[in-house]
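Asker: Can you make the complete structure from the sequences, with help from the hints?
Listed in order, the protein sequences are those of chains X and L. Numbers 1 to 558, taken from this note's numbering, label the letters of the first sequence in order. Numbers 1 to 186, taken from this note's numbering, label the letters of the second sequence in order.
Be aware that a few hints might be false.
EDC-like, lysine to aspartate or glutamate: derived pairs with alpha carbons at most 20 Å apart [stated by the list, open to error]: (1) LYS36/L <-> ASP133/X; (2) LYS86/L <-> GLU184/X; (3) LYS319/X <-> GLU287/X; (4) LYS86/L <-> ASP278/X.
The hints are simulated quantities; they were obtained by calculation from the structure and are not laboratory data.
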Amino acid sequence: MRAVDAIMECLKAEGVEHVFGIPGGANLPTYDALYDAGIRHVQCRHEQGAGHAAEGYAKASGKVGVALATSGPGATNLVTCIADAVMDSVPTVFLTGQVRTELIGTDGFQEADISGITMPIVKHSILIQAPRDIPRAIHEAFHIARTGRPGPVLVDIPQDLSRADIPYEPVASVRLPGYQPTTEGNAKQIRLAAKALANSRRPVIYGGGGVINADAAKEFRELCVSDVFPVTCTLMGLGAFPADDVQWLGMLGMHGTRTANYAMDEADLIVAIGARFDDRVTGKLTEFAPRAKFIHIDIDPAEISKNVPAHIPIVGDAKRILPKLTAEYRALGADRSRLDAWWQRIRGWQEKYPLRYDDADDGEIKPQYMIQAMYEATDGRAIVSSDVGQHQMWAAQYYGFTRPRQWINSGGLGTMGFGLPSAMGAKVARPDEDVVCLAGDGSLIMTVQELATCVTEQIPVKVFLMNNGYLGMVRQWQELFWDRRYSHVEMGASPDWVKLADAFGALGMRVTDKGELGEALKTALSEDGPVLVDVHVTKEENCYPMIPAGQAARDMVG
Amino acid sequence: MGEPGTKEVLNLEELQASGGVRTGRRHVLSILVENKPGVLARIAGLFARRGFNIDSLAVGPTDEASMSRITLTVDGATHPIDQVTKQLHKLIHVIKIRDLEPDERVARELALFKVSCQDGESRAQVMQFTEIFRGSVVDVSKRSVTVEITGTDDKVEAFEDMVRPFGLIEMVRTGEVAVARGRGAT
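Answerer: So, in structure tokens, the structure goes:
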């Protein structure tokens, strides 16, 4: 069997139904095998689109996302996606073609050392050196991508080796002596954690993207409601706990709610689950949660005590640890009323500092209003894939996510241009759900070519464009911290987004009046094909509240 | 610091102070790895991007063909070392890491010194030092002696101090290799 045909067998054995990519010289053999392999291939318009689509697919489904690219520029176009996937722990496999083995190292046509280039940003990478190794390498890649702390794995396959005839036998299991993720969690530590929870007077549970990656939202919720624990989540963790629950404090961090940040500041015990104390969460590290002890549950031991020293570290899979912790905690029969005073304090903040903005009295569309209108139009049920910037933060604040994998965005790397292709991938994974791409005008144009993919491949993504004519978040920082010297943040009037959508064969709509917004969004959702709604919002609106960079929670402004 | 939220100009001393406070005792890490292509590049790359300097590095085969042993010495305070070993563990090809404490390791390094000897007297002195350090002369020319010294890095450095006044033409060191003391495997 040709090695490339063996690759198809391996992909099918791994349960792969969809892949995203672009063919080229060095991966011609792979594409020949793909021709009648029975796997749906989404032909993207740029490899970055394919890579983010694979990420969106993975984030929406929990399955491994797969992207294909040729050697050289095809492979280097994936670099941003790989970096994005490693930062947000997205299970992905990238299959790149490489030049023929005899050309490697000779600066051959379309040669780039992609395994070298991506070494700092992959979970693992495999450069194929013998055709017989290919099936095992593919299975290893999937195993590494989806287990432990998920992440991107690159498999680089020289073109000549992929054409080789190999004896193919299905690979039953992979054996990696250096890779044995801890999953169960230390029983003694779990007991200690339960006791600490029972003794706490001002606890906060702080969930991150790891809860969603572990498919542990249910177990997370059970722990939270095993008592009246106040709950906050990071940007990546939104949806792990329903935003309409009374125990929900809102998102924490730079643009989180005052309540969530103040609660962290005054907490005596913080339970971090699948979260990594990113600088966007902690603000000034030396003043972060100064009164708290930390229980840190994470599958990656390197995250424990990386930024904040953990008093009770528990390494393992949240899905396995949380039920044990909940059971241990319940068995202690802690007195719920001990948290009354804490809740009184929290309710006080919630009353005094709700999320708020000054709505316009005329037809002007405030960006926050747009998110609320989007929530109404979708009944709060849509999968929202966001780009990066102010609109992302407003969505995180105002679209109350209630279930995991409903909110898809680029958190760690903050990749502008992520939204549209990842929405495309999410829609492929979840065709029966409404998938909305919430974009900014600065972000959307970075990968707008994927509208062509949506039209051609019939992927009816709805793009809701929050158009303020600025690189809004940068403008906000220039306004607040750099004396309003607006250096190169204005986007000007171009393009005409309605005509652009039309040119791609999608439906374009424009809304400039608040009164028409709700209807327009509903119309867009009811259309069969992809739609771009260009919504003109307030040009200079700032995203508040905010912890100014490098400051502490109690320094929040706005 | 380094956040664009603050407009203040940072002076160079501040930048250096924030980046360079990583001093502590010297650690000898013994790393067992799968003998796979690129494994050394992954480890070196990891050190580079996490901001650690490798003081010395020695790589070689082990008693098992599929494994290699990397002995790496690094200067650092306890906390960052902890982070580095954890990050190293995340590399798929890294099987085992041991931070060998000074009293639980036997460490050796080989060094070659090419020393200038203008006359018979200085040659005699260098050869005498070589004997004291239990080294051996491996090459000699009219105006130089090449000496091989084996030992801990302290011993190598002590020898260097002794011969430097004669004129040290060249010094080449392998970097330390180490094994755990006693019956147990490193």
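Asker: All hints, please: hold or fail.
Answerer: Quick rundown of the hints versus the structure:
no. : hint                  : verdict
1   : LYS36/L <-> ASP133/X  : holds, 13 Å
2   : LYS86/L <-> GLU184/X  : holds, 18 Å
3   : LYS319/X <-> GLU287/X : violated, 31 Å
4   : LYS86/L <-> ASP278/X  : holds, 18 Å
In this structure, the one hint that does not hold is number 3.
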